[in-house]
Amino acid sequence: MWHTLGVDLGSTTAKAVVVAPDGRPVSSSIVQMGAVSKKGVERAIAAALEDGGLTRGDIVRTVSTGYGRRLVELADRSFTEISCHARGAVAMMPGVRLVIDIGGQDSKAIAIGQDGLLDRFAINDRCASGTGRFFDVLSRALEVEVTDISDLAAATSHEAEVSGMCATFAETEVISLLAQDVAPADISAAVMRSVASRTVGLVAQVRKNTPVVMTGGVAQNASFVAELSRQLDLSIGHLDEPQIAGALGAALIARDDYLSTVPDDERMQTEWDRQRSGSPIESCQDCDGAAGDDRGPVPVTLMPTVTRV
Amino acid sequence: MPETIELSPTVVKPRGKDQKPDKSNRLTSTRAGGKMVSDYWENIFTAKERGKQVVWYNGSALNPIFQAAGLEWCHGEAFSARLAAMHMEGPAQQAGEEYGYVNELCSYARTHLGCAVLTQQGASEKQSGIVGFADQQELATKLPSPDFFVNAYAGCSTGQQWDAMTYRVFGKELPMFNVSLPMIWGNKPDSGYLRGKEWEKTPLFVVEQLKELIKFIEYQTKKPFDWDALSENMSYIKRASELRLEAMALCAAAPTPATYWDWVASIAPINFMPANQALVDYFQGVKDEIEQRLRDGVSAVANERYRVYFDGIMNWNKLGFLTRKFAEYDVSVVAGRYTHDSFWQEPQLIDPENPLLGMAQHYLICPINHGLKIMEELLLKRCDDFGIDGIAFHSTRTCRAMTNPQQILARIAEEKRGIKSFSFEGDVADAAFYKDETLESGLVAMLETIDQQRARM
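Same order as they appear, the protein sequences are chains A and B. For the first sequence, UniProt numbering gives the first residue as 1, with consecutive numbering after it. For the second sequence, UniProt numbering gives the first residue as 1, with consecutive numbering after it.
For the record, the hints were derived by calculation from the structure and aren't laboratory data. Keep in mind that this is a model prediction, so the values were computed, not measured. Hints may contain errors.
In silico DSS-like cross-links for lysine-lysine, where the CA-CA straight-line distance does not exceed 25 angstroms [unchecked claim]:
id : chain 1 : residue 1 : chain 2 : residue 2
1  : B       : K172      : B       : K142
2  : A       : K208      : B       : K416
3  : B       : K35       : B       : K142
4  : B       : K211      : B       : K222
5  : B       : K211      : A       : K38
6  : B       : K142      : B       : K52
7  : A       : K38       : B       : K20
8  : B       : K48       : B       : K318
9  : B       : K373      : B       : K197
Using the sequences and the accompanying hints, generate a full structural model.
Have a look at this one:
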């Protein structure tokens, strides 16, 4: 059976996701190997294939995304994180209308149309202002693991302020606060507020909408998600594996790409299998069935009638 | 919507082994403009030797007045842009910074102030290696010292301070005349582009100042002003402008026979070259080449798939690079706020027999001197006229006057026309603010968004 592969080579991690013909994720992997690491990509791909009990021969299409997408030699095509995170987030949470992705190098706010397709986006247009890089800077200065920052920030008791737009200057501010004996918990919370305020600015460019979800590694930082939710005055939906959203989106785009090349009857069979498998129909998500819902007709693919002889 | 015509594919030029093929096809007629500009500056450099008086000015195109008065004129931004386009801006910018003008200041101003510092220091200190780069520095120091300054800046908060700083660099000893150009707010019910009471009244205020400017120039030159020469200059400019606009209008064809980058290359001729038959001939040549391309089926970008509008001042260090970059993705940058909403863009306003009013009106319709209502009107008109699919907003780091309304303009284009956009940071004359990855990510993401938009249809 054929499968497609999505690879997200970000600035700090490499992610790979394999999907089956019905679009269902079969396996995934996340490898942290340093900045845009080719070795990291290879390991992520190998791990995802092994986890799914597959070989490279089972992969009919590969799409890459992420900061280092052009370095993925295996890829047939590449797409930006914008398209892939949008596609992945919609697959993970059908009906989502706003996706926020805070990556290591840039941050994005992505508006999704009513039809589940990418509609608008905003990216931070300069340096590492308001990106995940801020958290790396913070963890280094505080000498804690980046994964521990969320719990640290949750323990804040006094308000501190980090105002720098530049990650480098932010580090200077953090060191200055430490020199003033400000508690690491308060500094962590201040960094959360600073990054969240930059993100609110991005969201404003595409306009607030709901449901909203965060993708990328920073989505696992509960303190940050809470702070961003507070500043946006919106509830932010939770994804089980927010880090693989981009790679999943890439794999699904690869699937679409492959399906566009196969004969109509095979493509219809695949859609039929997908619908029979119990995969949710995206347009039905959150619909209460009441009359007046304006999401339009449910897209249903019908198998052609077969005349038996 | 633009007329669609059948054009044969443009030849894709092969490049080096590790470089992507160049899919852009710039006009060849604009090369004549390069020579005109080069000759113009070479002439300026020898002004003092020829016993000519020199005026330094910034902002509006007052050059027809200076030309009529027999002066040699040096436009500050133009020289900064030239240095940047030649990648020779470094020494001037460093000299400006050493003098105290930080790198957040408008890079046109910083570069020009650096030139002023270097010019003031003179030849003796040129040898001292104050900022290194001796060869590049040589060009930056070539400007002749001014005899006086004229400032006429619309919509730019830095403009008047810039000349005030230059005035200090030259020891506060040189005369200066300031033309005040009010913003066209356009917020009255009857207001709009070139209409309404505000539009009728404001240019009259500017006309009175231009009359005072001419008296000031007569005092400085000790000669009566030649009004006939001004009329003649403006008749050449009017004709050149008409040809430029007619040629631009031909680019509504899809695929376009010429791009925004060709119009950028034509800014210097229309903005500060001497008004004469050569200027008219230049734009006739550009128009002729575009018409020939339409007849021959030659497009400006091989395989045009997207038509983009460029909002922002040109990133002068990157003209060739950006031309190739956008073309690489099958993007024709067809029009832009900087090229299409500037530079004698309403020739019907010019009456050569009575030129001051039309000149005053043009000084006021600088693209950073309008309120949002007028900016919206202009943006939507350009998008409609040229069949625009997307907008590239050049977030010009040191020109907030140009950048301030961009997010709102992006929203207007999206809401009123469904036009997608992205923004990237760069600068007019400081390459340090440009990040290729930011441009590439935003551009490709916008094109993917347009693809999805088309898939919906």
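Which earlier hints turn out false for this structure, listed by number in ascending order? 5 and 8
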